[in-house]
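The residues making up each chain are set out below.
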Amino acid sequence: MSNLLHFSEHTLQEVALVLMATVYFLRIRWFLKWPLGKERQPATGLGDTNPKKGERYSLGLIAKPWAMESTRSKPFMYAQFVVFHLGVIASISLSFIIPYGPGLLKSAAFVSVIQVLVGAAFIVGVMRIIRRISNPYIRAISSPDDHFSLILLTSWFAFAFLAAPNDISGGEGTMLTYFLLTAFFLMYVPFSKISHYLYYPFTRTYLGRHFGRRGVFPLRRKPAYQVSK
Amino acid sequence: MSSTKNERSYKAQKVIDRMGQKLNRQMVGSLAACVHCGMCTDSCHYVLANPGDPTFAPAYKADKIRKLFKHHYDWTGKVFPKWVKAGSVYTDEELHELKDIVFGKCTNCRRCTVNCPMGVDLATFNRMARGLLCYVGIMPEGVEYVAKEQWEIGNQMGVLKEDYIETIQWQEEELQSEMEDPTAKIPIDKPDSNIVYVINPREIKHDPRSILDAAKIFYAAGEDYTMPSEGWDMTNFGLFNGDDELGGAVAGRVYDKVDELRGKKLVISECGHGYRSTRCEGPNWAKKDITFDAESSVITMLSYIKQGKIKVDKSKNPGSYTFHDSCNNARSCGLTEEPRELLSLVVENFQEMYPNRAENFCCTGGGGAMSMAEYRPSRLKSAKIKADQLSATRAKTVVTSCHNCVDGLTDLIGHYKLGMDVTQLVNLVANALVVDGIVEENKKKYAEKEEVSSGASQ
Ligand code: SF4
Ligand code: SF4
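As they're listed, the protein sequences go chains A and B.
Using our numbering, read the first sequence as starting at 1 and increasing by one per residue.
Using our numbering, read the second sequence as starting at 1 and increasing by one per residue.
In isolation and in its complexed conformation, chain B is listed as follows:
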C-alpha cells in the first residue's frame, strides 16, 4: 500500500500528527538510540514467562512505536524507510494491533529501562503511545471507563462524595470504639493542619480497614491532620492512559485542595502509582510547582517511630514476611529503603525477595493492567515470574506499599495457589502499635482543647 496521506484513516492520521506534539528530546533520544543489542530482553517478565516468543521482547514492542517515529519524524527513516524498519499506520485495525501491544504486553514497569546500556526508556514512550491511542478513542474498555470516572466524578472508582464521607465517619466510629475514646476523630477539611492525608479510592470501596489503621497511627502519634472532602484521590489514571491533561487535572485537584486547606504537608497513602503521580509526575502534568511538602505515608510512619511519637511491638506481627517493591515506588521514585526499615521495626521475621528494589519484577498488575480484563490470561501467565519470586522466599505474607500491587499479587497468588497473604505496611504498623497510656493522654489533650475553645467563646 502506498503512503499517501489520503489513504490513511482519520484516526491514524491524528495519531501521527499528535505524536509530533508529544515528543520531547528525552523520548527522541530513546527512540533514536536503540542498537537492537537485545540486552534488555531478559529483563521483561513477559519474555521470561513466554520463552521463545520474541514478540514480547522490549525492543520488539518498542519498534512498533519506533517505526512510526522513524517514518514520520526521523530523517533516516524518511530517506531509507525499509533499511531502518520505518513504517506508518494506515488503518484503525493497525491502531488496535498497536493497542494490544502498548496496553496488553507492557506494564510500563521500567525494568528494561534500568537494564538498557544505551539508556533507552521504553516505558516512557510506551506511555506516550498509549496517550496517542486514547486521544483517538482506542483503548481497553476498562481504561476508558476508569479514566471517565476520574474525569467526571473526580476519583477513579466513581465514589460519590456522600459515600466517601460516610465511610470516613464509619471508620471514625470504629476508631472510637477500638480506642475506647469517644473523642477520637478523623477530621475532614480541617484548615491549617500539619498533614492533609489523601488516599486511594480502593480504600473506600474495598479496604476501609486501611483508613482505620492510618487513623489509629495518626491518633497514637497525636497528629494534627485532616482528610479532604474533595481532591482526596491520589491515584491517577493519567499515568496509565498517557493522558497528561487527565494527569494534570487529577493531581491539580489534590494540590488545590491542600492549598485551600492551607495544609503544611501532603501525605500520600501507600500506593505506587498514586505516589509517583502525585509526588513526582503531577507537578509536570499540572504545570504547577507545589508549595507544600509531600511524602509517602511510609516515610511519615517511619518518622513517627524514629521520633518516638509512636511505639511499636514487633512481636505483635509474628510469622514470616517478605517485601514486594512496587515498580513506581522503587524504579521511578527511589522509595526502597524506608519501607524496609519500617518493616524491620514492625515484624520479627523478614525474608528479602530477589531480585529486589529497583531490580524487582512487576507484580504484573501495573500500568493499569488490573483494569484491562481482556489481557488477564496473558497477565497471569506473565505473573509466573513473580509467583516464583514469591514462593522462593518461603514467607507466609507478602508486604507491599501499593494498593494496585495488593490486587495484582492477590490475583496471582490465587492463580498459582501460593497460599500467601498480602498486606500493607499501614496494617502492620497499626497492628504493632503500643497504645497503653496514649488513650488517656489524648483524652486529656482533648479536654484541655475543649476547655480552651469554650473559654475563648465565652
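For reference, chain A alone in the conformation it holds in the complex:
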C-alpha cells in the first residue's frame, strides 16, 4: 500500500471526521439557541394519546410507510428511500472496515452483502438523478446543492461497490478515489442538505409532541366509536 493510500484511509478520514463533528456541534448549538415555542393549551382529542405518544409515533413513521398517505400511495418511492439509506450506511461502514477491520472483507459473502447494498443504492441514486432533472416539480425545487449532493453520493456508491473487495492488486486508483470521495463527503455533508438527519430527530419530535397533545398523532383512519343502530 502506498503512503498516499494509507494517508487517505487513516489520517485524512480522521481529520475529515473531526471537521464534520465540529461543524455538526456548531450547527446543533446554533439550532438549540433558537427559543423553543411553548404550548399552553390543555390537550385536545379523545384522550387516548399524549405528547410522548405523539413523539414516539412521529419518530416511528420512518418505518411505517402505511401510516402517511405520501408513502402509502408511493411504495416505490419509499422502497427507494430505504435502499438509498441502507447504501449510505453500508458505504460509511465500509470506510471504517477497510482501514480498521479488513479481516471482515475476507468473507466473500460479506463483500457481496456490501456490494448488493451499495450497488442497489447506486441504481436508486441514478434514478433519483433522472427524477430530479426530468420531473418538473422536483426540478423546480432543486438547488445546486441538491443536484451536487445526489451526484456525489451516487458516485460514492459506485466507488464503494468497486472498493468493497479491498483488492489493490490491480492498482490503487479505485480505493484512493473511494477514500478521497469519503473524506470530501464527510467535510461537505455538514454544509449541505445531506445533514438533514441532524434535524430529523428534532423536527419529528417537535411535530409529534404538538400533534400528540392535540390528539392528531397517531393519525386515525378508522372510527374510534361504536356506530349506534
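Just so you know, these hints were derived from the structure itself, not from any lab.
Treat the hints loosely; a few may be bogus.
As the list claims (entries may be wrong) - Some chain B residues near chain A, calculated using beta-carbon distances under 8 angstroms: (1) D17; (2) Q21; (3) R25; (4) G29; (5) S30; (6) A33; (7) T41; (8) P51; (9) D63; (10) V114; (11) N115; (12) G119; (13) N284; (14) D289; (15) G334; (16) R357.
Glycine residues also receive a C-beta, built at the ideal position from the N, C-alpha and C atoms.
Position chain B with the ligands against the provided structure of chain A, taking the given hints into account.
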C-alpha cells in the same frame, strides 16, 4: 442587484428584521430540514388542481420564505447563498409577489405537514410569513378589512352590540314560539352559569337559525348556560393574518368574559378556525393559561345524548349525508371522532368521504381564503379536488362543523353544480330532537324557580 442594506426598501427591511423576532426552534427546524424530496407535492389540493404547474408545490412555495431565512438567519445561506438557493427581498413589489403566494396559493391546511417525512410544518411558517407582510401593511384587502373590524369593533364582521343583542332576543322569541313556552330564555351575561356559549359572527349576520338550534338543544337539555354580551366572537383572524397580537387580544376578550361571568365551561359553537384559535392557539397568543374547561359544541351535544339529557330521533333526518372534516378541527385539534359519532346518532344514512379525518382535503375556503376576493378564481379552480371528493360520496347533504367550511363548500358546490346541501351538526341535532314532555317539565322547573326567588325576595 447587490445586497447592501441601503438598497432595500423600508418595508423589505422591516420584514427581514421582524422575521428574526418571530422564528422559534420548531419553525427553524422546518425551514432547515427540507430535503426537497417532493413527497408532499401531491398532498396539496392546489397542485392536484393545477397539473404541471410546479409553482403550487408546497416545497416550492415554502422555498420563497425559506430563501429569506437562509440568507439572513442560516449560516449556510450566508456562506454559499446561490448554492442553497438563499435570497433576500429588496423591493415592495417582491413583497407583493410573496403575498400572492402566502395568501393566494396556500390555505394553511397542513395537509402537506402530515405528509412530510421530515416533519416540515409549512403551514406554520407560512402563517408567520403572512404576519410579517401584515406587519408592513401588505395583505389582501379583505384580510385587512376583517382584521381591522376585529381589532376595533371586537368581532370580525363588525356586528354592533345592539345588533347582537337584538338578534339573540329575536331568536329567544323564536325559541318561545317553537317550544310554545313563553318562559324559554337565551340568557345573556348570566353569572355563575355552567356554560358560556360563544359563536361566530356569521351566525348573527347570516345564520341566526344556528343560534336558535343551539338554544333549542340547551333548552331540551335543561342546561344552565349564558351567552356573553361582549367577547362572544370565538373566531380569530389572528390565525389567518399571522398576527399573534390580534390573536391574543381576540382570544383574551373571550377568556376575560368567561372569567368575569365566573362561567364553568366555555363552549365554542361549530367553527374550525374558531375552535382552533379559542381552544388551542389562544392561550399561546394571549400568553394566558385558561382556568376553565373549554370544548366544542359538538362534544357538548354528544355528551347530552350519551348522558340521556336529550333524546333524538334519527328518522327525522332522512336522506344521505357525508361529513367534511374542517382542517383546523381535524388536523390541528384532533376533533374527528366526536362529530362522526354524533352524526351517526342523528342521521340514518351516512356515507364516509375519502380521504377523511386528518387526511381530508381542505374545503379550499380555509386560511381566510373566503375573505380574499382577488384569489377567488384560483380558489375555485383548486376546489375541483373537493368537488370530486364530494360527488364521489353520492350523498345529498354534506355536514361540516365549521362556518367557514359551510361558505367554502357552498361556493364550490354552486360553482361545480353539484346540487348538494350544506349543513352543520347543530342543525341536524336540533331537527332530530324529541321534545315531548320536555316543555312541560321546563315550565314546571321555571315556575318552581320563580316561586323560590319570589319567596326569597319577600
Ligand atoms: S417539505 Fe418535506 S416532503 Fe416536502 S419536499 Fe420538503 S422534506 Fe420533502
Ligand atoms: S398547507 Fe395545504 S394549501 Fe398550503 S401548501 Fe400545504 S397542502 Fe397546500
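Evaluation of the provided hints:
1. Restraint check, B/D17 versus chain A: the minimum CB separation of about 16 angstroms is more than 8 angstroms; hint violated.
2. Hint on B/Q21 is violated. Least Cβ distance to chain A is approximately 10 angstroms, over the 8 angstroms limit.
3. Look at B/R25: its Cβ gets to within about 4 angstroms of chain A, closer than 8 angstroms, so that hint holds up.
4. A distance limit of 8 angstroms between C-beta atoms decides the matter here; for B/G29 the minimum to chain A is near 4 angstroms, and the interface restraint holds.
5. Interface hint status for B/S30: upheld, as the beta-carbon distance to the closest one in chain A is roughly 6 angstroms, under 8 angstroms.
6. Nearest Cβ of chain A to the Cβ of B/A33: about 4 angstroms, under the 8 angstroms cut. The hint holds.
7. For B/T41, the suggested interface contact is upheld, since its CB lies about 5 angstroms from the closest CB of chain A, less than 8 angstroms.
8. The interface hint given for B/P51 is broken, as the beta carbon of that residue sits about 10 angstroms from the closest beta carbon of chain A, more than 8 angstroms.
9. For B/D63, the suggested interface contact is upheld, since its CB lies about 6 angstroms from the closest CB of chain A, less than 8 angstroms.
10. For the restraint placing B/V114 at the interface with chain A, the shortest Cβ-Cβ distance is roughly 7 angstroms, inside the 8 angstroms limit, so the hint holds.
11. Restraint check, B/N115 versus chain A: the minimum CB separation of about 4 angstroms is within 8 angstroms; hint holds.
12. Interface restraint check for B/G119: the shortest CB-CB distance to chain A comes to about 4 angstroms, inside 8 angstroms, so the restraint holds.
13. A distance limit of 8 angstroms between C-beta atoms decides the matter here; for B/N284 the minimum to chain A is near 5 angstroms, and the interface restraint holds.
14. Look at B/D289: its Cβ gets to within about 6 angstroms of chain A, closer than 8 angstroms, so that hint holds up.
15. A distance limit of 8 angstroms between C-beta atoms decides the matter here; for B/G334 the minimum to chain A is near 3 angstroms, and the interface restraint holds.
16. Of the supplied interface hints, the one on B/R357 holds, with its beta-carbon coming within about 5 angstroms of a beta-carbon of chain A, less than 8 angstroms.
Violated hints, listed in ascending order, are 1, 2 and 8; each of the other numbered hints is respected by the structure.
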